[in-house]
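In this text, residue positions in the sequence shown follow my numbering: the first is 25, and each later residue adds one.
Hints listed in this document are in silico derivations from the structure and should not be mistaken for laboratory results. Hints may be right or wrong, so weigh each one.
The calculated DMTMM-like cross-link candidates involving lysine to aspartate or glutamate, where the alpha carbons are at most 25 Å apart (straight line), are [as the list claims (entries may be wrong)]:
1. K55 <-> D138
2. K103 <-> E158
3. K87 <-> D112
4. K87 <-> D124
5. K141 <-> E65
6. K72 <-> D138
7. K87 <-> E126
8. K58 <-> D138
9. K157 <-> E123
10. K87 <-> E158
11. K26 <-> E65
12. K137 <-> E85
13. K104 <-> E65
14. K157 <-> D124
15. K87 <-> E129
16. K73 <-> D138
17. K157 <-> E65
18. K104 <-> D119
19. K157 <-> E129
20. K87 <-> E121
21. K73 <-> E121
22. K103 <-> E123
23. K55 <-> E123
24. K151 <-> E121
25. K157 <-> D119
26. K157 <-> E126
27. K87 <-> D119
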Amino acid sequence: MKIFILSCFLFIFLLGCSSPDSNVESDADSKIIKLIQPVAELGDARVKKELPLQLWQWTGETKRLTVHMPSESGGGTTKKVFCVIEGDGEPLSLDTEVEDLEEAECTHVLHQKDGFKRYPVGLKRIKVLSNGKEGWTWSSALQKQTSWRAKAVNY
25 MKIFILSCFL
35 FIFLLGCSSP
45 DSNVESDADS
55 KIIKLIQPVA
65 ELGDARVKKE
75 LPLQLWQWTG
85 ETKRLTVHMP
95 SESGGGTTKK
105 VFCVIEGDGE
115 PLSLDTEVED
125 LEEAECTHVL
135 HQKDGFKRYP
145 VGLKRIKVLS
155 NGKEGWTWSS
165 ALQKQTSWRA
175 KAVNY
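Please put together the full structure from these sequences, using the hints given.
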């Protein structure tokens with residue numbers, strides 16, 4: 025009986041100490057992201073609108089605004105948290121490698137440029153690896169690299 029218990033304990037110990045698959049990423053790799061063309065899905069028809077790929081110095085300003093929420097029973101309204109960004113940001117290039125630093129609390133963006141435009145997409149704080157600049161961009165602009173040699177998948 026003692027041999028059986030000892031064998032079970034040894035088996036569980038060895039199972040727990042086994043090496044992980046090569047697919048597992050390190051924390052550093054999981055934060056390295058490539059930029060893609062950001063889009064936002066607008067309205068009930070889910071029309072995709074391309075957004076400018078830019079880097080903003082967001083002040084942290086948010087507003088709670090009412091938005092229409094479609095549903096099978098006719099829809100209604102709800103309040104959502106909007107991050108407020110102003111004007112043009114600094115242009116970014118597609119496929120630029122960045123580090124994903126933080127996600128903003130907002131689920132939507134209110135862009136103040138030639139009026140007010142609302143987009144159902146959040147913001148992420150990034151650091152551009154080539155020049156060290158930090159700022160905020162659309163969350164839909166980030167594409168996670170699963171490994172250095174593998175193809176990228178949507179983040």
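| field | Structure versus earlier hints - violations, ascending order | value | Hint check: 1, 2, 8, 11, 17, 18, 20, 22 and 27 fail, others pass.
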